[in-house]
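Chains A and B, in that order, are what the protein sequence lines are.
End of the first sequence sits at 444 in the working numbering; the numbers just go up one at a time, nothing left out.
End of the second sequence sits at 1344 in the working numbering; the numbers just go up one at a time, nothing left out.
Mixed in with the good hints there might be a few duds.
Under 10 Å between C-beta atoms, here's a sample of chain B residues computed to sit facing chain A [stated by the list, open to error]:
1) Gly1015
2) Arg1016
3) Val1020
4) Arg1021
5) Pro1022
6) Ala1023
7) Ala1045
8) Asn1049
9) Met1051
10) Leu1053
11) His1062
12) Arg1101
13) Phe1104
14) Arg1294
15) Arg1298
16) Leu1299
Hints are computed from structural coordinates only; laboratory data are not their basis.
Glycine included, each C-beta is placed from N, C-alpha and C at the ideal position.
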Amino acid sequence: MKDLYQGQRAMRNMRRQAMQRGVIAVLDIGTSKIACLVLQFDGPSQFRETDGVGPMAGQSNFRVIGTATTRARGMRYGEIETMAETERAIRTVIQSAQKVAGVRVDHVIACISGARPASYGLAGEIVLPAGKVGEGDVARVLAACEVPDFGRGREVLHAQPVNFALDGRSGLSDPRDQSGSRLACDMHVLTIDGDAASNLVHCIRRCDMELAGVASASYASGLAALVEDEQELGAACIDLGGGTTGVSVFIKKHMIFADAVRFGGELITQDIAKGLRVSHAVAERLKTLHGGLEATGRDDREMIELGGETGDWDTDRRSVSRADLIGIMRPRVEEILEKVGEILGAAGFDCMPSRQIVLTGGGSQIPGLDALAARMLGQNVRIGRPLRIQGLPHNATAPGFSSAIGLALLTAHPQDEWWDFDMPAEHYPARSLRRAYRWFRNNW
Amino acid sequence: MQGLNPFHRGQGPGGRPAPVRPAPARPAPVAPRTPRKDPAPSRLAYRLNRMMLRPLVRRLVHVGLPAFLAALVAGIWLSDDTRRANLTGGIDAIVDRIQHRDEFMVRMMTIEGASPAVDKGLRAMLPVDLPASSFDIDLEKLRERVLKLDAVEAVDLRIKPGGVLSAVVTERVPALLWRHARGIELLDKTGHRVASVTGREVRGDLPIVAGEGADRAAAEALALIDAAGPILPRLRGLERMGERRWDVVLDRGQRIKLPEDKALQALERAIALDRALHMLDRDLSVVDLRQEARPVVRLGLEAQNAIRRARGQPELGADGLPLPPDAAAGATAGKAAKTARKSG
């Protein structure tokens, strides 16, 4: 894990450089669209208390100065399939965001939605010789977590200390300077497919950008869509994206679980295209304009012109009732939600004190989804729109932008990760210690 | 074979022609529109775009490059001598044409308040021949040059509408004659030179002063002469001594030495003494008033000799030394008479 440590530290340094320069881009590479926000950090003293603007959940120190969206290309299931096409899409979106912002951006923080995420909960425990938790002890207990076998070609995306326990007192968020004899910690580690991650890194490098961080899209959309109380009391965020459906579970303001289903809105579009024998574009239009999940009697009478440009008059002039469309969409959405339910069951979501479920992402805009989800997943279901951040244009406030906005929030307030703590001294390479020892012996 | 082709049943060998059926109106076939390719900048365009977003590069391209190109084109165009000459010639011609319009021409010069000599000098000073453009006449410089003439105190130069260069001259009024080592000059009341004269007789009406630095104290000299009322007929002139104080020179070789300051009061005191005691009618050669508290009088030679004779001492000669006792009487009388004549 030393390479990972060094790599993530390098990204943290890059992020610090970007914050000093004041401009950083946030890139959400999804399956159906790529969004880019250019953030400007202009210090915490932009507003005063007398202006009537409070800390605004810590997001008053940056603002969005450029936004751009483009259709994603070469992506499938949240992973890069055709690298050249994805690179072109990233170039397009970054160039248009730079044009809107009017500044050059060199640092980018990206999120990855697919790549088969896997969550692990690790636990570690150390004895405190000093009887008190020092600065180095936190890093030591994090390093003491026993690491399971992640499997071949897996990369650690997040490694966040979630909970500290000191002599049986659990639930501490900051154990420093507290006295005790045994310090234990729980760490949440999210791993993803290494090849997908390196593809993403390579793609961004080819666009002449420096990668200043990578985050999981389900984590980022949870940050944006869940309000503070939900993060504190326990909630699950379900991000219905184009190619994947991300699930993240939060409690005590920490992510404790994340996963993704490889089903998404594209699949619904494909079902409509196959079922009604229309082109993909027509199916997408039907889904967004007329789609729904709860059929009523009125929907039988509401006829939808299919349209199309096949050139065959009879084919292009067909019409279907809305109930037919709902009949195609509903089973697929039910299947997606079933998978989500399985994941939540595997995560032990039923044992959480508050089983709030927040649906976000572009797919959450299907009418009737909240009723269906309430029937399938639990009663506390709401559709979540992302938080408002300063300078965001109105057309980027839709639920489909929640992972981009969450990434912006994460950039402004990064979560402590394992690599943010100084590595314990015994992890330094032995060679340099030996060299230092030799230097001392020769000179004193 | 009969019956195999049912369509020809019951028809003649020629057959009936197929009826003409109008084709139904159909929409013209639409060429399938190729879906627009997703636009994306090429790598080169992307890199150029990002380069242009650097502030330095952007400023260089937006400001530096056009300026450089303009300078380059102008430089290449001007590198040819003929073109440069044409350009400067053209500009000069335009400037010349505008400056020599009728409205800007000066045809006449009028001079007011100048004596003929000054008038002649002023006309000679005009740098151009009339008629000339008013742009060629630098009034400020001309005024400075005119003011260098000693006889001119002030001059008001202006170009009036109608092409008239008008000069209103105020001349200096001579108030004193100043005799110095280099000749005789006329001074005005501030001591400024007005003109040189050949002799005293040219302006007999003016008082005369002498000595180095007399021109700088001309105002004081005029005040002294004004105050000299009763002794004015006897006044020959004032002499500046050591560039710091005045001597009043009267006829018969008499001199009143005035102090450096309060000279006017000292002179008035001497006049008062004269009026009361007829001091200046007596045989005095010098009245020294330089020390206010102790006026000193030097007797003339006659008076000294009279005193010496009465005391039985040897008489003094004209050089102030005692005469040898044998050559005394006759010579003394002759010399005294001669001295008196000289000082008169």
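Each hint tested on the structure:
1. Using the Cβ-Cβ criterion of 10 Å, the hint placing B:Gly1015 at the interface with chain A is not satisfied: the shortest such distance is roughly 35 Å.
2. Among the interface hints, the one on B:Arg1016 is violated; its C-beta lies about 33 Å from the nearest C-beta in chain A, farther than the 10 Å criterion.
3. With 10 Å as the threshold, the beta carbon of B:Val1020 stays out of range of chain A, its nearest partner Cβ sitting at about 24 Å, so the hint is violated.
4. For the restraint placing B:Arg1021 at the interface with chain A, the shortest Cβ-Cβ distance is roughly 19 Å, beyond the 10 Å limit, so the hint is violated.
5. With a least beta-carbon distance of about 18 Å to chain A, the hint placing B:Pro1022 at the interface is violated under the 10 Å criterion.
6. At a threshold of 10 Å, the smallest CB-CB gap from B:Ala1023 to chain A is about 15 Å, leaving the interface hint violated.
7. Given hint, B:Ala1045 at the interface with chain A, holds; its Cβ is 8 Å from that chain's nearest Cβ, closer than 10 Å.
8. With its C-beta approaching chain A no nearer than about 6 Å, B:Asn1049 sits inside the 10 Å limit, and its interface hint holds.
9. The restraint placing B:Met1051 at the interface with chain A holds, with a minimum CB-CB distance near 8 Å, inside the 10 Å limit.
10. For B:Leu1053, the interface hint holds, the least distance from its beta-carbon to any beta-carbon of chain A being 4 Å, beneath 10 Å.
11. Taken as an interface hint, B:His1062 does not check out: its beta carbon lies about 14 Å from the nearest beta carbon of chain A, beyond 10 Å.
12. Among the interface hints, the one on B:Arg1101 is violated; its C-beta lies about 53 Å from the nearest C-beta in chain A, farther than the 10 Å criterion.
13. Look at B:Phe1104: its Cβ only gets to about 54 Å from chain A, farther than 10 Å, so that hint breaks.
14. Given the 10 Å rule on beta carbons, the hint for B:Arg1294 is violated: about 88 Å separates it from the nearest Cβ of chain A.
15. Interface hint at B:Arg1298: violated, since its Cβ lies 96 Å from the closest Cβ of chain A, which is beyond the 10 Å cut-off.
16. Interface restraint check: B:Leu1299 against chain A, minimum CB-CB distance 102 Å, threshold 10 Å, status violated.
Hint violations for this structure: numbers 1, 2, 3, 4, 5, 6, 11, 12, 13, 14, 15, 16, all remaining hints satisfied.
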